[in-house]
Amino acid sequence: MTLLELRALLPLLLVALTILAAMLLAAFCRHRRLLFWVYQLGLLAALLSLGGNLGIQAQGLEVTPLLRVDAFFGFFAALFILVAMLVGLMAAQYFGRREHLAVPLEESYVLLALCLLGALVLAAAQHLAALFIGLELMSVASFALVAYPCGGAPASDRLQLPSLEAGLKYLLLSSVASAFLLFGMACLYLQTGTLAFARLSLPPDSTASGLLPLAGLAMLLIGVAFKLALAPFHMWSPDVYQGAPTPFTALIATLSKGALVVVLLRYLLLSQALQIEQIATLLMALATLSILVGNLLALRQDDMKRLLAYSSIAHLGYLLVVVLAAGQTVSSEFALQAGAFYLLAYSLTTLAAFAMISALSGGGDENRDYRLHCYRGLCWRAPCLGGCFMLILLSLAGIPLTVGFIGKFYIFAAGAQAGLWWLLGVVVLGSALGLYYYLRIILILLQQDDEVSDLVFHNGRWLVYGLTLLLLLLGIYPLPVMQWLPLL
Amino acid sequence: MESQGLLIPIEHGLLFAAALFCIGLAGVLTRRNLLFMLMSLELMLNAAAFVFVLAGAVHGNADGQVMFILILTLAAAEVALALALVVQLYRRRRSLDIDSLDGMRG
Amino acid sequence: MTAWLGWIPALPLFSSLVLLLVGGRLGQRLVTLLGVGSVLGSALLSGLLIADFLAEGAAVTTRQLPWLSSMGLEVAFGLYFDGLSAVMLGVITGVGLLIHLYSAAYMAGDEGYARFFGYLNLFVGAMLLLVLADDFLLLYLGWEGVGLCSFLLIGFWYREPANGYAARKAFVVTRVGDIALAVALLIMIQQFGTLHIQTVIERAQLQWLGSDWSFWVALLLLGGAVGKSAQLPLQTWLPDAMAGPTPVSALIHAATMVTAGVYLIARTQGIFLLAPRIMELVALVGALTLFLAACSALVQHDLKRVLAYSTISQIGYMFFALGAGAFSAAIFHLMTHAFFKALLFLAAGQVILSLHHEQDLRRMGGLLRRLPFSALCFAIGCAALAALPLTSGFYSKDAILLQAYGLHGGSLAWWLALAGAAVTALYSLRLFLKLFFGEAVTEPSPDMRPTLVVPLALLCLLALFGALIPQPLGAVFAPLAATEVPAAVHGAILIMPWLGLVTGVLLWRYGRGFRQRWSDSALARSWRAGWGFDALYDGLLVQPLLLLARLNRKDLADRPVQFVAWLSARGHAWLSVTQNGRLRRYAAGIALGAVLVLTVVTL
Amino acid sequence: MPFLFYLCALIALLAAWQVIRGVNAMHALLYLIVVLLAIALMFFMLGAPFAAALEVIIYAGAIMVLMVFVIMMLNQGDSAVGQERAWRAGRIWRGPALLCAVLLAQLGYLLLPAVVSADAAAVDAVAVGRALYGPYLLLVELASMLLLAALVGAWHLTRVLKHRPGEEV
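Protein chains in written order, with the numbering used here: chain X, 1 to 488; chain A, 1001 to 1106; chain E, 2001 to 2603; chain B, 3001 to 3169.
Read the hints as simulated data drawn from the structure, not as lab findings.
For every residue, glycine included, the Cβ atom is placed at its ideal position computed from N, Cα and C.
Be careful, since some hints might not be right.
Between beta-carbon pairs, the in silico distance windows are [said to hold, decoys possible]:
1) B:3079 to X:100: 33 to 43 angstroms
2) X:199 to E:2189: 45 to 55 angstroms
3) B:3141 to X:100: 47 to 57 angstroms
4) X:476 to E:2546: 31 to 41 angstroms
5) X:60 to E:2067: 43 to 53 angstroms
6) X:55 to B:3125: 39 to 49 angstroms
7) B:3095 to X:100: 24 to 34 angstroms
8) X:55 to E:2186: 17 to 27 angstroms
9) X:59 to E:2187: 43 to 53 angstroms
10) E:2574 to B:3126: 37 to 47 angstroms
11) X:439 to E:2175: 16 to 26 angstroms
12) X:60 to B:3141: 15 to 25 angstroms
13) X:13 to A:1103: 18 to 28 angstroms
14) B:3158 to X:199: 41 to 51 angstroms
So the derived list for chain E, only partly shown, Cβ under 10 angstroms to chain A, looks like this [as the list claims (entries may be wrong)]:
15) 2059
16) 2062
17) 2207
Derived coverage of chain A by chain X (criterion: at least 3 residues anywhere in the stretch with Cβ under 8 angstroms from a Cβ of chain X; other residues may be distant) [claimed, not checked]:
18) 1027 to 1037
19) 1044 to 1053
20) 1075 to 1084
21) 1087 to 1101
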């Protein structure tokens, strides 16, 4: 391993160093604030090293057969590190005001950093083994995070059971999906004798080599679709979203889905799997189902976290449009940029939404805090927070002046360029359904309410303000980010 | 390593793996006891691992066994975490019935 | 110096942001300081810039801020400053500052004091953005911004339902014009891929020579201008807009916003000159509007409505001048009109305030001795409005009629404009006499706070001597060829106002019976109702729409929509059943999905 | 040799069936170990002695022992067996079994005509070691991170703090 390769891997090494430092600190000197700063500074260092490596990223460097450090990696790694930092901040605030759970927070930083490491590996992966290890690293760390409140002092059953239930469901179902993924990979490996993305390419006319590679690809996609919570593999996501502590729900919704989309794009493009007609059809079916099922399920949902889970199913469906468009040579470049921007917009908006509901929760019973009627009249009781909430919802719905609109605009442009008219029709239908339930929440926010609900406003509000401002800023002036969008 | 013919036709190995996989899946779908579910999951993982080793043998390279070792790692990690959760569940519920965990729905 | 250009709109915008967000918590003194101070800052900066410009004389553009670059459309925002902008800047910040000062006293004690200044500052910022923009999109932003502020300020006292209705009417009617403008912008994007004003005009002159595009784009731009400037056929909103506070009427609905249409046409003259038929249309619209509105002004009972119709009429003069090709005369009149109309409105506010919010002319009269200062202001304002010699209005109206004659000869529009001058003088006199002579009906309370007096005094000076302010428009508009105007025409132009005045005095002294009969006649009633345009639109558009809505209450077109809603609800219910929280069910879902996926792949 | 291979496969499948149909967790686990041993033998016959050894040592040896430990710790007793029997019976079984049968049929259809150019060769421990510490060095490091994640997570989740709310942790 040359020095240059080590330099290219510096962000990953720094994250790994943060993990070790945090773990040792947690073992010997349990100090909440110290660990928080070690985590944040370590990640900041990783972010800065990413900036220092721009030259290498621009040229693209293959580091062992597993990883490839290029501009594509650089953009998403920066996004993921940022997301992880924000989630760390949210977690500190969230558990800071749940003293009654008596959960030690120290290990969560180790697990968060591990999760991030997995995401970074995925962003750089160009080999199925790297895909697998990154994915599992991320998953295993997030199983523990989902069930996090169960560790520590035994609080009452009522408080900890949801996260335990969510953790178990996530772990078991995810293992089933992993088995599918592995079986698929094994079939592909059997066919081609290699695990590298670029050499996994299959002849478009698959009949010559039998159906084995097709079966392998399909099972691989089943595993990936599960992790992305695409319909019909979506059923775990609402339960897990609801049961997990809110900051870690945000992590699952943004980081793990984002990393998977990135690696999926890289894999499908390098192996030219999208040229195979059946795979394109399959992805189209998954996209259609996800958009319809996600939006329909969210329609009358009463729990904010479940609603966000359903809406993110639909959002991932929209992203598949970009993935499909990336497979066509006419629209490949633009679709990649569209995907990058949409992922950014989605991550920011989702983080903002979870930061918001995290800031509004903690008043009483954990599971009742996220009921929609708790938010009734928020706009009158706390106009600033209410306004932010509305903006976040509008961004989720893709209304102009927010970053969500630009993201959706990109999706449409990419889809139109690729001629995916039918799918775009579904996107329009889904967006219309989406508008209904987002506006429904806005109406709830605006309702006048005589009885005062026990909603309390907590110290997470500055994070919400910051993120909302960013949403607005990028919605009005997206050019700086547009210039950074990477190509593969 | 001298080249030699594979012991059995590849199809037979694949068929065995597919059968093992489906048996494991059936176990996950039908059992209510968490421990049985975990064991069924191990079956599914083993089926995948078997295909990797088989393919490695077919192509005569080490990637298959490397992947097998990774699967081993994953199995260890998952079992450790799953058992931790099982213990927690049992501590609270005195039961390993997975169907009793339906507090969240809708 | 150009580096400071951006601060001119930024100052009031920033202050409005502060006032709207936290204004409620600031004291009245601090609100005044911010609200008036920011406009004062803008005015001082504008003054410096204009002085600089008069010395240097070159148009300047600030650095362009790229905003959007996508699929052939490049949008970058910058500010453009030339002679036309300079005049507009002077009018907006100058008159705006005086009106802000006046408002500080006029609105003192109102519960929405901070909100008022927040809106007013927002308006000034948006208007400045409108006149400084070098890009049609930024111009459109300002255009809609001032429309929004107008809506907010007309309905400022929102507890009164009528005010809300007036605000809505203004918003909806001007929206008709805005849509035309938006379509024009879309055509420009489609044709040139840019919205940079100078570039668009240059390319239009190269590409559109002899094509139909210039006709349609000019027509659409005219549509936008007509809506914003309350010209025929979209003039009906302005009289109702008088529901807002009087300083608002002075600033927005007399001096600045309503002249945005004039500015737009002047700014895009390059496109209009390519479409001579549209130019004629502009002149005709202006002439008709000025005459009809002047007739309406003659018979109004409400003090502010007289002024509103007079505003429509005066803007009609500007449109007439634009259509005739006398651009600089139009801008000249825009400026002088801003002075004397702001003066009239503020003085009217004074009178209304001292008469305890009485606006009906029939319950006024004999105020000459009781409100001498207001009388003086009105005398100067009305004289300028009637274009009597030695006032600013005289010079500008004279310039319009003379130049238009030189360019167009004695067309119908010109004769209408000439006749309008007499009617203008007549209603000016009527207003003055009704207010200050005759028998006193209501006892006024004299109220002469210095903050009210100073702006009025300054505006009096401007209304008298404003015509002396130099207008650096030479570089913007092509100079007119000097033409011989017959002495008879010149004489007619000079005589017209006097004709109106003499008629008025005669009627006042000897025609009491005639005035009574005339006031009750059908024609007067129709004029009072704005020539029945409101009734026409009501019958033509509103009522049929309501009728259709009533007929359609349970219509067929709803059925498919309801079906979709029903289907969605059923789909939701059905899918919700699958989320039953059972882990094994979810695993079965995965297995089922796997079977489906493999089926899709196999097929 | 092929006969031994098929025998192992048969034993593995039958034992797997016993795993998913069993009622006593301990017995099922023993059957699972039988499956693993049979697969290890098959690995050996496929020319992967290193994988075979690992399957026995780590899978059957370490991971399964962990499960034994937990089953013993929970010590569910005879009532659990009766409960298992009750849960196992009835309609619950049919739907999933049908689903899995369909899946198996599909996999069979897809996988059977495998067209692979085979140059089969035994891959011994040396080759695997070379690969692991050559091109896949990073993979080993990342696998250690994976185990670390499981370690930290499991440690956290099973830790019992005696603190009550209000006390400083």
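Going through the hints against the structure:
Range check, residue 3079 of chain B to residue 100 of chain X: Cβ separation about 35 angstroms, and the 33 to 43 angstroms hint holds. Against the hinted window of 45 to 55 angstroms, the Cβ-Cβ separation of residue 199 of chain X and residue 2189 of chain E comes to about 46 angstroms, which satisfies the hint. Distance hint check: the CB atoms of residue 3141 of chain B and residue 100 of chain X are about 40 angstroms apart, inconsistent with the given range 47 to 57 angstroms. Evaluation of the 31 to 41 angstroms hint for residue 476 of chain X and residue 2546 of chain E yields a pass: the beta carbon distance comes to about 39 angstroms.
Separated by about 31 angstroms at the C-beta atoms, residue 60 of chain X and residue 2067 of chain E break the suggested range of 43 to 53 angstroms. Separated by about 41 angstroms at the C-beta atoms, residue 55 of chain X and residue 3125 of chain B satisfy the suggested range of 39 to 49 angstroms. For the hinted restraint 24 to 34 angstroms between residue 3095 of chain B and residue 100 of chain X, the CB-CB distance of approximately 43 angstroms leaves it violated. Our hint of 17 to 27 angstroms for residue 55 of chain X and residue 2186 of chain E is violated, since their Cβ atoms are close to 43 angstroms apart.
Between residue 59 of chain X and residue 2187 of chain E the C-beta distance comes to about 45 angstroms, which sits within the given range of 43 to 53 angstroms. Taking the beta carbon of each, residue 2574 of chain E and residue 3126 of chain B are about 59 angstroms apart, not inside 37 to 47 angstroms as hinted. Separation of residue 439 of chain X from residue 2175 of chain E is about 22 angstroms and conforms to the stated range, judged on CB atoms against 16 to 26 angstroms. Here the CB-CB span from residue 60 of chain X to residue 3141 of chain B is close to 22 angstroms, well matched to the stated 15 to 25 angstroms.
A beta carbon spacing of about 42 angstroms between residue 13 of chain X and residue 1103 of chain A contradicts the range 18 to 28 angstroms that was offered as a hint. For residue 3158 of chain B and residue 199 of chain X, the Cβ-Cβ distance of about 43 angstroms falls inside the hinted range of 41 to 51 angstroms, so the restraint holds. For residue 2059 of chain E, the interface hint is violated, the least distance from its beta-carbon to any beta-carbon of chain A being 65 angstroms, above 10 angstroms. The closest approach between the C-beta of residue 2062 of chain E and any C-beta of chain A is roughly 56 angstroms, which is over the 10 angstroms cut-off, so the hint fails.
The interface hint given for residue 2207 of chain E is violated, since its Cβ lies 61 angstroms from the closest Cβ of chain A, which is over the 10 angstroms cut-off. Counting residues of the region 1027 to 1037 of chain A whose CB falls under 8 angstroms from any CB of chain X gives 3; the rule of at least 3 is met. With 7 residues bearing a CB less than 8 angstroms from a CB of chain X, the region 1044 to 1053 of chain A meets the requirement of three and the coverage assertion stands. Here's how the region 1075 to 1084 of chain A fares: 4 of its residues keep a CB closer than 8 angstroms to some CB of chain X, so the rule of at least three is met and the hint holds.
Three residues within the 8 angstroms Cβ limit are the bar, and the region 1087 to 1101 of chain A against chain X gives 6, so the coverage statement holds.
Going down the numbered hints, you'll see the structure goes against 3, 5, 7, 8, 10, 13, 15, 16, 17, while the others check out.
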